[in-house]
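*Asks:* Here the protein sequences line up with chains D and G, keeping their order.
One point on numbering: in our numbering, the residue at position 15 of the first sequence is 27, and numbering is uninterrupted.
One point on numbering: in our numbering, the residue at position 148 of the second sequence is 515, and numbering is uninterrupted.
Since the hints were derived computationally from the structure, they do not count as laboratory data.
Worth double-checking, as some hints may not be accurate.
Claimed, not checked - Quick look at which bits of chain D chain G covers, simulated, 3 or more residues with Cβ under 8 Å:
id, segment
1, 44 to 53
2, 99 to 110
Unchecked claim - Distance condition first, Cα-Cα at most 20 Å in a straight line; then the derived SDA-like pairs of lysine to any residue:
id, chain 1, residue 1, chain 2, residue 2
3, D, Lys37, G, Val533
4, D, Lys37, G, Ala522
5, D, Lys37, G, Pro546
6, G, Lys456, D, Arg42
7, G, Lys478, G, Leu540
8, G, Lys456, G, Val533
9, G, Lys478, G, Phe515
Don't be surprised by glycine CBs; every beta carbon is placed ideally from N, CA and C.
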Amino acid sequence: MSAAGATPSAKAARAPGEKRAAGAKETTARGLALTLFALLALAGLSLALRYAHLGAFGVPVALVIAGAKAVLVAVFFMEILVERVTVRLAMGTGIVLLGILLALIAADILTREPAPLTNPPGTEMRDRG
Amino acid sequence: MSVRAAAHFEDIERQEQAARLGMWVFLASEILFFAGLFALYFAYRSEHPRGFDLGIARNTIAWGSVNTAVLLVSSYTVALAVHELRRGKPVAAAWLVGVTVALGLCFLCVKTGEYLEHFREGIYPAGAGAFFAENDEPGIKMFFTLYFCMTGLHAIHVIVGMGVLVALLVRVLRGSIVPAASYPLAVGAVYWHLVDVIWIFLWPLFYLTPGGLQ
Numbered sequence: 013m014s015a016a017g018a019t020p021s022a023k024a025a026r027a028p029g030e031k032r033a034a035g036a037k038e039t040t041a042r043g044l045a046l047t048l049f050a051l052l053a054l055a056g057l058s059l060a061l062r063y064a065h066l067g068a069f070g071v072p073v074a075l076v077i078a079g080a081k082a083v084l085v086a087v088f089f090m091e092i093l094v095e096r097v098t099v100r101l102a103m104g105t106g107i108v109l110l111g112i113l114l115a116l117i118a119a120d121i122l123t124r125e126p127a128p129l130t131n132p133p134g135t136e137m138r139d140r141g
Numbered sequence: 368m369s370v371r372a373a374a375h376f377e378d379i380e381r382q383e384q385a386a387r388l389g390m391w392v393f394l395a396s397e398i399l400f401f402a403g404l405f406a407l408y409f410a411y412r413s414e415h416p417r418g419f420d421l422g423i424a425r426n427t428i429a430w431g432s433v434n435t436a437v438l439l440v441s442s443y444t445v446a447l448a449v450h451e452l453r454r455g456k457p458v459a460a461a462w463l464v465g466v467t468v469a470l471g472l473c474f475l476c477v478k479t480g481e482y483l484e485h486f487r488e489g490i491y492p493a494g495a496g497a498f499f500a501e502n503d504e505p506g507i508k509m510f511f512t513l514y515f516c517m518t519g520l521h522a523i524h525v526i527v528g529m530g531v532l533v534a535l536l537v538r539v540l541r542g543s544i545v546p547a548a549s550y551p552l553a554v555g556a557v558y559w560h561l562v563d564v565i566w567i568f569l570w571p572l573f574y575l576t577p578g579g580l581q
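Let the hints inform the model, and build the full structure from the sequences given.
*Replies:* Okay, structure coming up:
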């Protein structure tokens, strides 16, 4: 149960932040700087791989790097791990629904014959290939 | 330095928790909002790899990369602002929020320059313009429609985020957001970070990856 303090001191008011999740801490100034450095390094890697002609692997590799950057931002800038379980549950639900959406659409696109989107509205009729 | 909770909250801690949960639920809905467009991107791209390759080649890698760096640094400055406010330094926090807003404006200027360049080349939203009469590859209209849709919606989010940050900046300067209860700035910053995360995915898909998927 929470204490009945509607006018907490500066120190007492910071306590809720620390209580929010056991183990996880708010990011330090050094941690923030290191995160920025890592993000810029990953962006540089993504840019360099643009010229490496990865072919069919180009998109998956770029998305894996983007995913790593998103995790860095979520953990160290947004401090998601410091949040309570209700907050993490809300965000987790969003991510799971995103996965279901992409997986089912991928299943449709990759398996349906004839391909569903070959000639969407607004494009001329053309043969595939 | 008293911090009072609104009348309908038992204490400031509950009020903070409600604000945080509300923002994160909103962010989850934002992810699903953009998810539909990303799904459409992958679906069309898998059917029209050549049109998407041609479209990506029309975008300027340098401008997209500059904007990526600008948004990454702006995420850092707003995270540092929250950190400084927690340490009891509202003036430093206000400066850092100001720098973040300036970086957001810089992003929008570059984006506007890119749009104007496309318009000069005859590339308009919804497949309108002289460019598409000369390039009748079917996927290229879809590419640029998705490009304008997704980067345009993202730019609207940047504008909204800047508005939120300016409002928070004013409140920090007026002393209505104090170190003892810094969460309004933290919650606003979390929104700005999501805008950054969306761009992290838009950048490779619209600038960096010709020749992928099939």
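*Asks:* Hint check: Lys456 (chain G) vs Arg42 (chain D), CA-CA at most 20 Å. Holds or violated?
*Replies:* holds (17 Å)
*Asks:* Would the hint linking Lys37 (chain D) and Ala522 (chain G) be met if the CA-CA limit is 20 Å?
*Replies:* violated (32 Å)
*Asks:* If you draw a straight line from the CA of Lys37 (chain D) to the CA of Pro546 (chain G), is it 20 Å or shorter?
*Replies:* holds (17 Å)
*Asks:* Per the coverage rule (Cβ-Cβ under 8 Å, at least three residues), is the segment 99 to 110 of chain D covered by chain G?
*Replies:* holds (count 8)
*Asks:* Just to be careful, I want the Cα atoms of Lys37 (chain D) and Val533 (chain G) compared with a cutoff of 20 Å; is the pair within it?
*Replies:* violated (28 Å)
*Asks:* Given the hinted pair Lys478 (chain G) and Leu540 (chain G), is their Cα-Cα distance within 20 Å?
*Replies:* With Cα atoms ~30 Å apart, Lys478 (chain G) and Leu540 (chain G) exceed 20 Å; violated.
*Asks:* Establish whether the coverage given for the segment 44 to 53 of chain D by chain G is satisfied; the threshold is a Cβ-Cβ distance below 8 Å, and no fewer than three residues must meet it.
*Replies:* Holds, because 6 residues of the segment 44 to 53 of chain D bring their Cβ atoms closer than 8 Å to Cβ atoms of chain G.
*Asks:* Is the hinted pair Lys456 (chain G) and Val533 (chain G) satisfied, with a Cα-Cα distance of at most 20 Å?
*Replies:* holds (18 Å)
*Asks:* Given the hint that Lys478 (chain G) pairs with Phe515 (chain G), does the C-alpha gap stay at or below 20 Å?
*Replies:* holds (11 Å)
Violated hints, listed in ascending order, are 3, 4 and 7; each of the other numbered hints is respected by the structure.
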